[in-house]
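Quick one: dock chain against chain with the hints and give me the complex.
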Amino acid sequence: MYTEKVIEHFREPHNRGKMEDYSAIGKVGNIVCGDVMWLYIKVEKDDAGRDIIADISWETFGCTAAIATSSMISDLAKGKTIEEAIHVTNQDVASELGGLPPVKMHCSALAADALNEAIYAYLTQEHREIPEALEKRHARVSKEVNALEKRYEAFLGSPGKADVPEQGSKQP
Amino acid sequence: MVMNKLVYLDNSATTPVAPEVAEAMRPFFQERYGNASSLHAAGREAHRAVDASRQLIAEHLGSRADELVFTSGATEADNLAVLGTALRSDSGGHIIASRIEHDAVLQAVQWLTERGYEATLLDVDKFGRVDPQAVREAIRPDTLLVSVMAGNNEVGTLQPIGEIGEICREAGVPFHTDAVQAYGKIELPLDGIDLLSVSAHKLHGPKGVGFLYVRNGVKLVPLLHGGGHERGRRSGTENVPGIVGLAEATRLAFEEREAVTERMRSFRERIIQEVSRIRGTRLNGHPIDSLPHIANFSFEAIEGESLIMKLDEFGIAASTGSACSSPNLTASHVLVALGVPLSMAHGSLRVSSGRQTTNEDIDALLDALPVAVERLREISPFKVGG
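Top line first, the protein sequences correspond to chains W and R. The opening residue of the first sequence carries number 1 in this note's numbering; numbering runs sequentially from there. The opening residue of the second sequence carries number 1001 in this note's numbering; numbering runs sequentially from there.
In isolation and in its complexed conformation, chain R is listed as follows (with noise of 0.2 Å):
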């Protein structure tokens, strides 16, 4: 068999390094490999590059540069915002957080939660959309932080952070947002915004490197200690060649990002026109205030590692919130949350787009996809009803 080129349709889950940002770090390992914190020359070489990045950065996010804290990556950046708020308190407290949230917040909260901290799960609307009354009823004098991501990593739903986060301000309570779905494709205004999550891979960025926007004035206990780095709110020796290759993905996002949203929305208009036509399917999540990138699709009868591993048979890489794709064999809490009922939580697909997608890796999901899920129809005992 002769194996096609890849379609690549899973960049929610993690993007290729683009070329640029390759070349941006390529000599951050073995010609400018220094020390950030050494005090000579190669030293303060790597120094002025991370400098260089994190003002870049700051400059496309409308922040401060010395409001950004380098982190290893999204998960690290959300438990630092959510355990880094929670932990100043001696006395517990309580957390706010959407349903719907990435595991890095979910968990985080539970583990506070286990540990004396109370916590409020926000219900989503049919679509994932959080009520922004609902966080105001659910703000309480001992809240301590409320998180809700800035776009849903499975379903793309884009939440009303601006709404939220003005509730937040008024009450006092700093706001978190997961936006590493939504950064460098939406626009993201910091107003009301204190903390905010980045991560460099999915944006065409080297994996292991994102941030924490950490609102000047907001306090954070840190949660790595050492050496002081990031002042003193995250210690280890900087991912020198990680924060370049982060600036440089950012460089690229925000400059074509125009462009590249653009295309993706018209992929995405046009795999949801496409797959409705499919018998028995449901789009999951909303039909328009979404992230460019994402399209999520439920189908009648069929169970979503199977058409996942089927797609795969044609050289197609997506994913899917199935329990039978998880480790712990439970449907995606997104999905539920969203009340998709389980049979048709288990056979989910998310497709997404990256900057590198072209009009043939649509072409080629809208030949494989209607006949990877009738072979797969043709051998389920449920019948698609009519």
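So here's chain W without its partners, still in its complex pose (with noise of 0.2 Å):
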């Protein structure tokens, strides 16, 4: 069900772990399917003066395709200028990855939200525009995970303990 290149970025994921010194961090989750992804970036400014992804790291709970987008997306994102890793779709995280089961598919959204949600933070700590596209992506995805919160609030229980300082969305 899963194409070899999934396998292979579950294996041995591109730019796992937590980041210290990061300039933003995006956090979304989706506790019904039972994955959470935390996306840090750093940010840095190139020769021409243009805000660049230097660095990119994540943190997923998640099931395969979760850990194999999140390894994705921190390639595809990562040198790129903030105006360019904007453009990043769940589609194009699919279809790097050899296409994902459609079951799946969310899980490729939830990487694309994840570097949305970290460049959100990041534009907005930095008191820059925030583009209406960006803008609107946010607001859907606060939307969803308060819904999803609410609804499962009974059932939550506690995933253990995180110890990275909240930024923004709450932990789901």
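FYI, nobody ran anything at the bench for these hints, they're computed from the structure. Any given hint could turn out to be false.
Dumping the calculated DSS-like pairs for lysine-lysine here, alpha-carbon to alpha-carbon at most 27 Å [stated by the list, open to error]:
(1) W:Lys-42 with R:Lys-1383
(2) R:Lys-1005 with W:Lys-5
(3) R:Lys-1005 with W:Lys-18
(4) W:Lys-80 with W:Lys-5
(5) W:Lys-45 with W:Lys-78
(6) R:Lys-1383 with R:Lys-1126
(7) W:Lys-143 with W:Lys-5
As the structure is a prediction and not an experimental result, all values here were calculated from the model.
What follows is the structure, encoded as structure tokens:
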């Protein structure tokens, strides 16, 4: 059901782990399917003065597809300008992995959302103008997180202690 | 990479066909291929094989031969038990089942409730046990059937089917038990049981064959109509090689039961002892009052589907009740019914042994599992509570 590429990224994921000196975090999660993704970006200026995603890493609780898409989105975003990274879509993630089983497509959306949220957090804290498309996606992601938390409040339990500072979105 | 031999610890999903079973079945494909309903010699030969198989299974089960209805497996047997009983009523009625039944029972009950029947789903305690008193309280004048499995397929917990059977008997309500995981592994006295489902492939028999035990006098509406096979209760040409295989698997299971289940029990104890040493682990199901071959755990901060894939990397086959592993992305209804928090239900692992399982298989599991869990925890945003 999984492509070789998915298995490859799952077995040896790229850019995995927590980042200490990050510029921003994007936290997204879907406890219904049981996956939560935290994406860290470190933004630096390039020679032309543009914002570049100089470093990226992630921590993911989730299935094979969630881990492989975390790895893939980090590859796709690394070294890109913020402007370029905004346009990385879940379709890009899925197709770079040689496709995902239909039931796992939402994992690629999760990865794209995490990148989106990290960029949103970065632009917000830098008091930059937020592009309309980014704002829309952020609104949708926040709404989904809240709805899911509400619906599954009674069942959530404690997934373990989080040791990363809260930044914007609430830990699911 | 050198592929080592597969360490197969998913015997609750299916088992390899035992060599003895394959051997017993072989002649019935090309040499003794007759239709058991045919009059000629080839037909009579097939008929005798089906009869002998039925007789052998009945002797081990402690039933009469004519109380067995061969089916395509346990899903059909469960459906025949539930629907076959319920559909006798023209005016709806009431069904009782536990919340942790296999989907073959639960979905059949659900189907009935969409057509005017009513159902009571019984809660279970934190180990997954049904309280027999709850069965007594749930029975109504219009109750058509009570269905509670003998041993749970995900967590292994045994149900007090003896007591439940007695309560049903007193109330005059037919009692069905899904014995797919229990058959050949634990004693199954038929007192109080009116209907009992079995599948061959969980027992080192072939896929696609099973039976429903139907106590003499219990009436069923057939689900499959046609040539009136199985005394009118299940039409369809008998799966002769399958039935022969089911009988041989039964013979093996009952003859070897003591030795095999003792080995399974010792594997299970060892697995529980060792896995409990991994931080942030819980055992799901009853520690002692359990089927011998199933152990189910949850691990904090990781997700079960990726754990299965990580173990697969080490050549180990097991399974999970994680939502991500299910086609509809919902966590195991069994773990949820046991009150396992969703976050932990997502991180579940089921290991199940078979007659072929060796000490070396368990060694391999216990070597790989802590590593697999640790690798996934390293990349998880959640840390295991101290």
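Hints violated by the structure (listed by number, smallest first) = Numbers 3 and 7, in rising order.
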